[in-house]
Amino acid sequence: MAYGTQRVLKGINLDVAKGQVIGYIGPNGAGKSTTIKAMLGLVAGYSGTIHIFGQNIADGDGGYKRRIGYVPETAEVYESLTAEEYLGFVGSLYGISEQRVQDKALALATLLGLKDAYYARIASYSKGMRQKVLLIASVLHNPDILFLDEPLSGLDANSVMVVKDLLAQLAQHGKTIFYSSHLMDVVEKISNRIVLLNDGTIVADGTFDELKNLAQEKSLEEIFGHITGFLEHQEIAEKCLAIIQGD
Amino acid sequence: MKDFISLRVLDRLRPGLEIIGLDYPTLRKILQVKLIMDSRRTPTVFNRNTRQSGDKNGFIRSLWLYVLMGLILIPLVVAGDNYLFQMSLTFAMLMFFVMTSMISDFSTVLLDIRDRVILLTKPIDRRTVGLARAIHITMYLILLTMSLAGPSLVASFVVRGLWFGMAFLLGLGLMDLLIIALTALLYLLFLNFFDGERLKDLINYVQIGLSIAILLAYQLMGRIFEVLKLRVVFHAAWWQAVLPPVWFGSVFAWGFGHNPEGPILGLALMAVVVPVILFVGYVWAMPLFESRLQRLAMGKGASKPQNRGGRRLARMFCRNPEERSFFEFAGLMMARERDFKLKVYPSLGFAIALPLLVMFNPAWSHQSHQLNSGHWYLAIYMMGFMIPTVMMMLRYSSQFKAAWIYQAAPIQHRENIYRGTVKAVLVRLFLPIFAIESVIFVLLFGTGVILDLLAALFALLIYAVLSFRWLGLGLPFSEPFQMAQQRKRWVIWLLLLMLGVLAGLHFMFTLLPMGLYLYLTLLLLVNGMAWTWGFRQNKPKFLAAEDSVS
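Sequences listed follow chains A and B, in order.
Taking our numbering, the leading residue of the first sequence gets 1, the next gets one more, and so forth.
Taking our numbering, the leading residue of the second sequence gets 1, the next gets one more, and so forth.
Everything labelled a hint here was simulated from the structure, so no lab data went into it.
Accuracy of the hints is not assured; some may be wrong.
Pair by pair, the computed Cβ-Cβ distance ranges are [stated by the list, open to error]:
id: 1; chain 1: B; residue 1: A335; chain 2: A; residue 2: K127; range: 39 to 49 Å
id: 2; chain 1: B; residue 1: M316; chain 2: A; residue 2: Q102; range: 48 to 58 Å
id: 3; chain 1: B; residue 1: R292; chain 2: A; residue 2: T110; range: 29 to 39 Å
id: 4; chain 1: B; residue 1: D115; chain 2: A; residue 2: G229; range: 51 to 61 Å
id: 5; chain 1: B; residue 1: R40; chain 2: A; residue 2: D59; range: 56 to 66 Å
id: 6; chain 1: A; residue 1: A58; chain 2: B; residue 2: W533; range: 40 to 50 Å
id: 7; chain 1: B; residue 1: M514; chain 2: A; residue 2: Q102; range: 44 to 54 Å
id: 8; chain 1: B; residue 1: A335; chain 2: A; residue 2: P27; range: 58 to 68 Å
id: 9; chain 1: A; residue 1: G229; chain 2: B; residue 2: L143; range: 38 to 48 Å
id: 10; chain 1: B; residue 1: M514; chain 2: A; residue 2: D59; range: 48 to 58 Å
id: 11; chain 1: A; residue 1: P27; chain 2: B; residue 2: N527; range: 56 to 66 Å
id: 12; chain 1: A; residue 1: K127; chain 2: B; residue 2: G504; range: 36 to 46 Å
id: 13; chain 1: B; residue 1: L68; chain 2: A; residue 2: G113; range: 34 to 44 Å
id: 14; chain 1: B; residue 1: W470; chain 2: A; residue 2: G229; range: 50 to 60 Å
Derived coverage of chain A by chain B (criterion: at least 3 residues anywhere in the stretch with Cβ under 8 Å from a Cβ of chain B; other residues may be distant) [stated by the list, open to error]:
id: 15; region: 111-125
id: 16; region: 192-204
The list that follows gives simulated cross-link-like pairs (lysine-lysine, DSS-like), each with its CA atoms no further than 30 Å apart [what the hints assert, rightly or not]:
id: 17; chain 1: B; residue 1: K341; chain 2: A; residue 2: K127
id: 18; chain 1: B; residue 1: K29; chain 2: B; residue 2: K341
id: 19; chain 1: B; residue 1: K343; chain 2: B; residue 2: K401
id: 20; chain 1: B; residue 1: K401; chain 2: A; residue 2: K175
id: 21; chain 1: A; residue 1: K164; chain 2: A; residue 2: K115
id: 22; chain 1: B; residue 1: K343; chain 2: A; residue 2: K104
id: 23; chain 1: B; residue 1: K343; chain 2: A; residue 2: K115
id: 24; chain 1: A; residue 1: K18; chain 2: B; residue 2: K341
id: 25; chain 1: A; residue 1: K104; chain 2: A; residue 2: K189
id: 26; chain 1: B; residue 1: K401; chain 2: A; residue 2: K115
id: 27; chain 1: B; residue 1: K343; chain 2: A; residue 2: K218
Glycine included, every Cβ here is placed at the ideal spot set by N, Cα and C.
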């Protein structure tokens, strides 16, 4: 798959099976979010084909989206609405009955500790609370595939644990999760397959153990540095320190 | 970094500012950055297609318009000798414009809490930050005042002489101080009682009210000059003491109008004393103001669901569930989005007034004023003037980035989005004001016009579908307001012309025997078609990516 005139993506070939948790990592601007947006039909102008549930997404009427949940990178929501109203709106777009949306959304919000602010406008929410609204919105319709772009950003430590466990359990129940993040330790823990993207191409693809052998490094952070050719982090930090202290 | 003339003027005041304990270099730096940011902001009034070359301040470029408006003040200042009345009226008009602009354009500057994170976390005095804010606004108010009052000020120097001109200039300065201090102290009061969203709503309603007042004042301008022709005898009365324009008027009555009475002198002194006291109070309260601003970011959570009524309406008017969710959604957004309200609600108030203003225009007064005999009820079609405006504004939102959801969600038929949204506009905004107007019309014309009003309503419902279609079937709340440009101007003109065509059609049918019933039947048929097929489009059914909302 290639995308656009600037070629953000330069040939991505990925086969994903059911029940996998794919950690999708790469430096800033590598094309992670673009891949996810392309799969959701949010961007056009790419060459190549994307098949989801065995169907080319360009052929159908977008009905495949009924089985997909998406948490975008930036927490943009219609913030003049309350969480109740926004979730009700999104749920109805996925064709869920009104009462069912209300019940499900309120139950999930209560479990994620959002109940007190549930009927207040999202404009008054903190970053983490918005993120919870987006997470709830992405699972209301019980999707088979989840595209998560930095889903933990802004969440408090307790919620992070809940969400991480939830993702693992969703995968056990056959959901496919596409997880894009910069937090290497989280990716390392929850993914059973890691795809490393650099400059629009896949530079590594395999389980954590396979990647460890490949790069001869211990942590995903180090593997990441090794593969993307970034080794001088310590040196740069030292130079920074010298500048900060040098008056 | 770029240096500004206004900052060099401010440099002259440096000793004075340092005496009250300000950190002048910091103040200057803050102001410089603010001015640079202003010059890079895309002004909404200008077409985005006209490429802007370099750093231009949109506000400054729009000042010539105020200079033109200021021309109408010249006769008021230089002709006649009823100083008290003329100068009071002059200052009333100036205050009205400047105060409106202050509230609508500079409230955001006064209540800006975004720079708090940047500024207040640094070792800077709160008073310096507050004063930078005040001076920033003052600079713009002075520019605005000088543009508005400039023509009449020059004229007064020429015709009335040096001292009169100087007094006018001084009065303008005091007026600006008064306006800034008054607005800030008013907000401080609000900040004490309200927080966050509710305060913003309150300011929003003040802005809407003022916009309606301006629209009406503009229409009534003709009549104000009618009043001017009369000999106005002006007596000092106790209630004038609370009207600031009268204070300023009194200055001229006392100094130049051979009017050395005690009460006039008292009022004239108010013009000097009150602004100074209020402004000193504002400077004194500045640290308090800065800390209270934090409340804007707070908001107490409501504990109850708020939208039961909307849901019932949605079930009543929409059968399709997709349509129903957009009916509800659009209804909520129209009631909550402040920018939308600010741009649309004034035209709702105006839509009520417009048919009445047309009917009671003094220009017709010499003709027979028997409303019953003519076809004056056709003026109800003037209400349709708000429809294209609202239909166009529908696609804009300050939260347009949230529109990714339209594409991420499996929306089957776009026409449901459109139909639900347009229905929401008609049911929540148009029908209520049409009902109010209908009551007024029935009171004016008698019950005989009820069927005509019904026909007009049906015609306007078709008109709404037509407007939405001609303006290009936009996804609701999916584009930034900056995009709301002049590009569809000609379509709007065409649509406004259509109103006349519809009224003409109505008139022609009334000439036929049983014509009104024929017209009604025809309208019902066309309505059925418009609401069934009016929102179809030739594009693929699902949301194609080339629309690229993201």
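Verification of the hints:
1. A335(B) with K127(A): 39 to 49 Å: violated, 26 Å
2. M316(B) with Q102(A): 48 to 58 Å: violated, 19 Å
3. R292(B) with T110(A): 29 to 39 Å: The hinted range 29 to 39 Å holds for R292(B) and T110(A), with Cβ atoms some 34 Å apart.
4. D115(B) with G229(A): 51 to 61 Å: This hint is violated: roughly 40 Å between Cβ atoms.
5. R40(B) with D59(A): 56 to 66 Å: violated, 45 Å
6. A58(A) with W533(B): 40 to 50 Å: Violated: the Cβ-Cβ distance is about 27 Å, outside 40 to 50 Å.
7. M514(B) with Q102(A): 44 to 54 Å: Since M514(B) and Q102(A) have Cβ atoms about 51 Å apart, the given range 44 to 54 Å holds.
8. A335(B) with P27(A): 58 to 68 Å: Taking Cβ atoms as reference, A335(B) and P27(A) lie about 44 Å apart, which means the hint is violated.
9. G229(A) with L143(B): 38 to 48 Å: Violated, since G229(A) and L143(B) (Cβ atoms, about 55 Å apart) do not stay within the stated range.
10. M514(B) with D59(A): 48 to 58 Å: About 55 Å separates the Cβ atoms of M514(B) and D59(A), which means 48 to 58 Å holds.
11. P27(A) with N527(B): 56 to 66 Å: holds, 58 Å
12. K127(A) with G504(B): 36 to 46 Å: violated, 57 Å
13. L68(B) with G113(A): 34 to 44 Å: Distance hint for L68(B), G113(A) is violated at roughly 58 Å.
14. W470(B) with G229(A): 50 to 60 Å: holds, 56 Å
15. 111-125: Held - the region 111-125 of chain A has 8 residues with a Cβ nearer than 8 Å to chain B, which meets the minimum of three.
16. 192-204: violated (count 0)
17. K341(B) with K127(A): Roughly 26 Å between the alpha carbons, so the hint for K341(B) and K127(A) holds.
18. K29(B) with K341(B): Since the Cα atoms of K29(B) and K341(B) sit roughly 36 Å apart, the hinted pair is violated (cutoff 30 Å).
19. K343(B) with K401(B): Given pair K343(B), K401(B) holds - Cα atoms ~20 Å apart, limit 30 Å.
20. K401(B) with K175(A): Satisfied, since the Cα-Cα distance of roughly 28 Å is no more than 30 Å.
21. K164(A) with K115(A): Since the Cα atoms of K164(A) and K115(A) sit roughly 21 Å apart, the hinted pair holds (cutoff 30 Å).
22. K343(B) with K104(A): Measuring from Cα to Cα gives roughly 37 Å; hence the hint is violated.
23. K343(B) with K115(A): Given that 30 Å is the threshold and the Cα spacing comes to 34 Å, the pair is violated.
24. K18(A) with K341(B): violated, 47 Å
25. K104(A) with K189(A): holds, 28 Å
26. K401(B) with K115(A): Given that 30 Å is the threshold and the Cα spacing comes to 26 Å, the pair holds.
27. K343(B) with K218(A): At roughly 59 Å apart (the allowed maximum being 30 Å), K218(A) and K343(B) break the hint.
Checked against the numbered hints listed earlier, the structure breaks hints 1, 2, 4, 5, 6, 8, 9, 12, 13, 16, 18, 22, 23, 24 and 27; every other hint is satisfied.
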